[in-house]
Amino acid sequence: MAVRWGAVDASTDEHSDIRLLEALAGGARGAAEALVDRTYSKVFALLCRLSGGDRDLAADLTQDTYRRAWASLGAFRGEASLSTWLYRIAYNTYLNHVRRPHRVVPLEAEDVERIGDGRRGADEEIADRQLERRLRRAVLDLPEELRATVVARYWAETPVTEIARLDGISEVAVRKRLRRATALLAAAVGGEHR
Amino acid sequence: MTDPTERDIERLLSTGEPPAPPPELAKRIKREIPDGLRLDRAALEAIARNRIARHVPAYRQFVLLAALLFVTIALGTFGLRALIEQKAEEERQAAMIEALERETSEGKEHAERAAPEEQHDTLQPGQVAPLPAGTLRSTGDVDRARRGSSANASVPAPDRREDHPLTVTVTSTSGEALAGVMLRLTRLDPPTAERWTGVTAADGSARLARPRPGLYRLDAAMPGFKPGVVLSLRVQAGRPSRVALTLEPEAPADTPLR
Numbered sequence: 086m087a088v089r090w091g092a093v094d095a096s097t098d099e100h101s102d103i104r105l106l107e108a109l110a111g112g113a114r115g116a117a118e119a120l121v122d123r124t125y126s127k128v129f130a131l132l133c134r135l136s137g138g139d140r141d142l143a144a145d146l147t148q149d150t151y152r153r154a155w156a157s158l159g160a161f162r163g164e165a166s167l168s169t170w171l172y173r174i175a176y177n178t179y180l181n182h183v184r185r186p187h188r189v190v191p192l193e194a195e196d197v198e199r200i201g202d203g204r205r206g207a208d209e210e211i212a213d214r215q216l217e218r219r220l221r222r223a224v225l226d227l228p229e230e231l232r233a234t235v236v237a238r239y240w241a242e243t244p245v246t247e248i249a250r251l252d253g254i255s256e257v258a259v260r261k262r263l264r265r266a267t268a269l270l271a272a273a274v275g276g277e278h279r
Numbered sequence: 036m037t038d039p040t041e042r043d044i045e046r047l048l049s050t051g052e053p054p055a056p057p058p059e060l061a062k063r064i065k066r067e068i069p070d071g072l073r074l075d076r077a078a079l080e081a082i083a084r085n086r087i088a089r090h091v092p093a094y095r096q097f098v099l100l101a102a103l104l105f106v107t108i109a110l111g112t113f114g115l116r117a118l119i120e121q122k123a124e125e126e127r128q129a130a131m132i133e134a135l136e137r138e139t140s141e142g143k144e145h146a147e148r149a150a151p152e153e154q155h156d157t158l159q160p161g162q163v164a165p166l167p168a169g170t171l172r173s174t175g176d177v178d179r180a181r182r183g184s185s186a187n188a189s190v191p192a193p194d195r196r197e198d199h200p201l202t203v204t205v206t207s208t209s210g211e212a213l214a215g216v217m218l219r220l221t222r223l224d225p226p227t228a229e230r231w232t233g234v235t236a237a238d239g240s241a242r243l244a245r246p247r248p249g250l251y252r253l254d255a256a257m258p259g260f261k262p263g264v265v266l267s268l269r270v271q272a273g274r275p276s277r278v279a280l281t282l283e284p285e286a287p288a289d290t291p292l293r
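Protein chains in written order, with my numbering: chain L, 86 to 279; chain W, 36 to 293.
In isolation and in its complexed conformation, chain W is listed as follows (with noise of 0.2 angstroms):
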């Protein structure tokens, strides 16, 4: 006969038909219950409490997992959020980094401050009023208009005397100055939505006290006339710039510029 395993001992104890007690046993106990047997209400409380305490440690289990999940859950998401934010702003700063080095490497000299009369959205006659930041300086070198019939341009040679500026000079197919003309300096390298607007004064001329180097669209517009348009009016570092437009009459009907 072989030893008996660890299972055979477990089935051993296991087995066999429980022995039914006598007939009599259940009522020789039940005579024997004290009369006036009583639990104590203390001790019921006792009980009740330790019951309550048997479960806190799952019911406590289960709240610390819940909260553990919610914390996980909530950084988690306050984690992502920030990280999306971070490469956001981080991809925002490479291109303003780009947009520097490449108005750096044209050779600007970068001025931050601007006259307070230039940081005007309106212009005033005259006078091209610059985005807040930047300055342009202009070599002069521009290229023709193509736009419009008989708008051309030309670039005079630069004027060294200026502080840098650009100049804008407006006039008639007959050589007349164009005064109320409504122009708009566009920004393209970057394409941004920086934008200059203004009107010429009497002498047709408006002047952008300084540009930043880099390449402009410049559009002209005056009631009965056609509108004219410089698309690539490129502005170099160091050097004032001057355009001028010649803007041919029109049937009545007006151009706004927008």
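One chain only, chain L, in its complex shape (with noise of 0.2 angstroms):
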């Protein structure tokens, strides 16, 4: 039966989901499209943080990222909304973009230290990068659930509800995981500091 398709809605709930679903599968291409526009900035937003600011690689990535979504379209059975299955997706392309042991992984943002100019203004900014920086480092450092946990909720900003059901959890071991998380990453960051 064929599906008709309309224009399709830009939010996020659930019945747009599911009308872009149903779009998908009549085949029409325009639901596709629909679904990159509601979704690819804040991919593309994830993997930027992912890759340390490294805007280039988070433009591959993400062209990455919808290449995997279309070829495993199949396999999405609605655990968790379409946004949260591809940002999934998108973690998981950084992972083995980082993995790859023959990739020469470019010089990273960080890695290149600016000189403050002695403005205490400037020495701050500085001071709060390198914060950051160590901060993601932290967060990559983590074990694999934890940072998949914390991606998700701080940078992907995937509600409880929907990791939990991405995960198959209860949403209480979400919140423990990021509780344990919070406290790792402080201890991390803490300790680098000293």
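Hint data in this document are derived by calculation from the structure and do not stem from the laboratory. None of these values were measured; they are calculated from a predicted model. Every residue, glycine too, gets a C-beta built ideally from N, C-alpha and C. Incorrect hints may appear among the rest.
To be verified - Cross-link-like lysine to any residue pairs, in silico, SDA-like; alpha carbons within 20 angstroms at most:
1) W/62 to L/141
2) L/261 to L/242
3) W/62 to W/72
4) W/65 to L/111
5) W/65 to L/242
6) L/127 to W/122
7) L/127 to W/215
8) L/127 to W/68
9) L/261 to W/45
10) W/261 to W/225
11) W/62 to L/145
12) W/122 to W/106
13) L/261 to W/49
14) L/261 to W/40
15) W/62 to L/242
As the list claims (entries may be wrong) - Derived contacts from chain L toward chain W, CB cut-off under 7 angstroms, selection only:
16) 110
17) 115
18) 121
19) 129
20) 148
21) 162
22) 181
23) 267
24) 270
25) 271
26) 273
Stated by the list, open to error - Each pair of labels, with its calculated beta carbon distance range:
27) W/100 to L/213: 46 to 52 angstroms
28) W/53 to L/100: 24 to 30 angstroms
29) W/42 to L/222: 19 to 25 angstroms
30) L/264 to W/80: 34 to 40 angstroms
Need the complex rebuilt from these two chains, each delivered in its own frame; the hints are there to steer you.
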């Protein structure tokens, strides 16, 4: 049965997802484009954070993400929203990228230090950026399940309920992970500082 | 610089404007959408089922909660009713026990079985029919009647030849035995609806074969006579009782016994 596709709602609620999915089941290309429009900014932002501000890398990985999404669309089972599903693909795309042994990882922006000009404001800005970099490294050094949860919650801005659904755990368990993760991050960032 | 707290970490993780994507990125992504991209119908149905299943726990919880509430209210209501009924039953039994104890303390010998002819609500002439429960025994000690202009009652010596009946005899002021006098015997202690009714026989008498010990009121009425009453007729256990009433003739109006 062909699905009639009309103007796709840009909202992220469940009904919007269902309409998109029905349209995709009908082979409507416009549904795929609407999905891109709805999600690509957040996917890019997530990958940018993961890659430490490397916009070019983030853009490449974003395209990679959508290629993977089209390839695995048939495996989507609605455990979470389409957006959440995409963010998880983006996260895995980044991990696959950094784990490729033969790939040359470019110098990260954080390795290029700026020398402060002595003004108080600039020095503070540098200190903040250094802290952010340390934090990012600490996030990437977290155990896998904590890292995935932190990235989903803070960088992909995924609600706790969605994370719970995607991982098949309770919301309480998600919050526990987040608490453990922030404790570890605080210790790691504080320890580095010392 | 102090070590960051967990709150600091949460704040740091959440802050910052999300970086804006390059302007052409969306177009590049869309260009790569495969032709014939399609979601399998079976996959769509599986997604729909998952979606329903996701809501089932919450729905199930709601239904369970509603069912639990209903059962609790129903049980509570039934339980309360049962408790109230039980209380009422206990009070009824306590009253019955008290009445029985009172009768026992007056020395009555309690005979449960009544002769068939004595179980009628309507008396046979010459006989006062008892209520289905119990019998009376009398000693013949009877208080004097107060109502009625010339009704007076006296109790002759107990007739030990009788089987403890209560015998009522009604005469006129001229000494004539009055037949057809309507009699009503009412139990006073405890005040119950126990009542015997009947009419006197040709010899002006009526009998209650096995009255229960206690206090009674006896009313007598006959057309053409003023009503007579014995307000306090005590029937004692183990002794026949006799009461004699005298009715005074009256001017024409009948006073039916109610």
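### Query
Which hints from the list above does the structure break, by number from lowest to highest?
Numbers 5, 6, 7, 10, 12, 15, 17, 22, 26, in rising order.
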